[in-house]
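With the sequences and hints as input, model every part of the structure.
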Amino acid sequence: MAYLASIEGLSLAYYGLRGTSIYFNLKNDSEQDKGQVNSHSMATFDQSRAAKGPGLLVAASCLLLGSLGMLALAAYPIYVIRPFREQDPAALQRALCLLLHNKPILLGLFLLTATPAIALWHRSGWAKLVLAPTVGISLLAAVSAWINPYEHMFHPFGAPQYTTIAHAALEPNDMVIAVSLGGESRAYGIREMGYHHIVNDRLHQLPIVVTY
Amino acid sequence: MRDEETGSYWQQITGTAIAGPLKGRKLTLVPQDELSFALWKKEQPNGTVLAPLPRYAGKYEKATWETEYAKLPTVIHAPKGTLPDRETIIGIVNNGEAKAYPITNLTAQAPVLLDVVGDQPVMLVVGPDGKSVRVFSREVGGRSLDFYSRGSSGDSWTLLDTVTLGEWGFDGCALSGDLKGKCLTRIDALKDYWFDWQNYHQHTRIYRH
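Chains as they are written, first to last, in this note's numbering: chain B, 1 to 212; chain Z, 1001 to 1209.
Note that these hints are calculated values from the structure, not bench results.
Hints should not be assumed to be uniformly reliable.
[Unchecked claim] Okay, the calculated beta carbon distance ranges per label pair: (1) E1004(Z) - L68(B): 30 to 38 Å; (2) T1082(Z) - Q87(B): 20 to 28 Å; (3) R1025(Z) - E171(B): 32 to 40 Å; (4) E1004(Z) - L112(B): 27 to 35 Å; (5) H167(B) - D1003(Z): 30 to 38 Å; (6) R202(B) - T1006(Z): 13 to 21 Å; (7) L1072(Z) - L68(B): 35 to 43 Å; (8) S61(B) - G1007(Z): 30 to 38 Å; (9) R82(B) - G1024(Z): 23 to 31 Å; (10) D1188(Z) - E151(B): 23 to 31 Å; (11) L68(B) - R1186(Z): 53 to 61 Å.
[Said to hold, decoys possible] Beyond 10 Å from chain B on every Cβ pair, some chain Z residues (computed): (12) V1116; (13) S1152; (14) G1177; (15) R1205; (16) Y1207.
Glycine is no exception: its CB is placed at the ideal position from the N, C-alpha and C atoms.
Structural data, given as structure tokens:
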């Protein structure tokens, strides 16, 4: 069997059903005319069953709605946890629960929306205008699950370094958080802590976290 | 706060995990103080100091940050008729009872304020620098002591107890008298803004005198 593997001026090289590699190869019609689509090219889609017109647009719109849903799912915890406001305890619990579990969920949803969008791409005509933002939005939503913007607002201290009292750049009146363990004592200047908020440290060989 | 190992989310003020695999677990509080640098280095001449990161030097708070922060609006508000939102307080939780002491009250009665919290006699003390505050139990060896001040600033700063007439330092240890060398038990206290403290301690009482 042989099909005309061309849609809207683009010729398509389909992958063999038993093939191991998947690729989409773009050629123009003149190349196709030179016989580069040979007789044993396989077609994976039956042209007569291909979605067309309104059906395709509906499918693309559903995918777009799905991607917007993903964006809402990704944005909800970021919205609830935004600083400088009172957080409702129930909403905070929901948001944290989402933050803990949304990576696999959003990755799965991304595959569920992006795969059909890409599969439909070459037959979709101006429904591409819907499919392109669909893929973009679902990718954004999936990637954002790995990024917590609020964790980038303050710079954690990394590996803390110490100095002696004689070399400390503190004024006598500056307040410090003083921590004492097993006879060792260390001072953390409030003015620095007010920016970093968290210092992971060790004192008397014990791991401590100092927060302000 | 979020930990890297389990990804659990922790509430800073209580040290308790509120979501994630470690939910419900609580960190142990390490002995700590909020002191002026001058006072701390006198007590701990061999102590070490966190070195600031030069590349964030411009981001650190200015020396006048306290007065500037005092003017900022707050996100949540304390009930009317209590205290101003930005009032700085010393908060204590002892045997289930929470109590807040406005710093202005403390410094007015400096250096020592005697009270009972959670059925335990306690003492709030303002240090020789006039701004560092510590809280102690007043019970020593089954006895409850009363303290008064003999000199409230600089090198003359000393407390006397009314039972043994011994002298006590700001570290809570007796310098003379029958109890020389004995130290009072420290009580955890937090210097905080009133709006924040009352949010985490809904049934807190306010010290007013």
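- [ ] Determine whether the Cβ-Cβ distance between L1072(Z) and L68(B) falls within the hinted range of 35 to 43 Å.
- [x] holds, 37 Å
Task: Minimum Cβ distance from S1152(Z) to chain B greater than 10 Å, as the annotation requires - done: holds, 18 Å
Open item on the list: So R1205(Z) supposedly isn't at the interface. Is its beta-carbon more than 10 Å from every beta-carbon in chain B?
Closed with: holds, 23 Å
TODO: For the range 32 to 40 Å, tell me whether the beta carbons of R1025(Z) and E171(B) fit it or not.
DONE: holds, 38 Å
TODO: Go ahead and decide if the range 20 to 28 Å is satisfied by the Cβ distance of T1082(Z) to Q87(B).
DONE: holds, 22 Å
- [ ] State, for the Cβ atoms of H167(B) and D1003(Z), whether the hinted interval 30 to 38 Å holds or is violated.
- [x] At roughly 32 Å between Cβ atoms, D1003(Z) and H167(B) fall inside 30 to 38 Å, so the hint holds.
- [ ] May I ask you to test the hint 30 to 38 Å on the CB atoms belonging to S61(B) and G1007(Z)?
- [x] holds, 36 Å
Open item on the list: According to the definition I'm using, a residue is off the interface if its beta carbon is farther than 10 Å from all beta carbons of the partner; does V1116(Z) meet that for chain B?
Closed with: holds, 27 Å
TODO: Could you tell me whether the CB distance from D1188(Z) to E151(B) stays inside 23 to 31 Å?
DONE: Roughly 28 Å apart at Cβ, these two residues keep to the hinted range, so it holds.
Open item on the list: Given the hint of 53 to 61 Å, is the C-beta distance from L68(B) to R1186(Z) inside that range or not?
Closed with: holds, 55 Å
Task: Range agreement (Cβ of G1024(Z) with Cβ of R82(B), hint 23 to 31 Å) - done: Holds, since R82(B) and G1024(Z) (Cβ atoms, about 26 Å apart) stay within the stated range.
Task: Consistency of beta-carbon spacing, L68(B) to E1004(Z), with hint 30 to 38 Å - done: Distance hint for E1004(Z), L68(B) holds at roughly 32 Å.
Going through the hint list in order, the structure satisfies each hint without exception.
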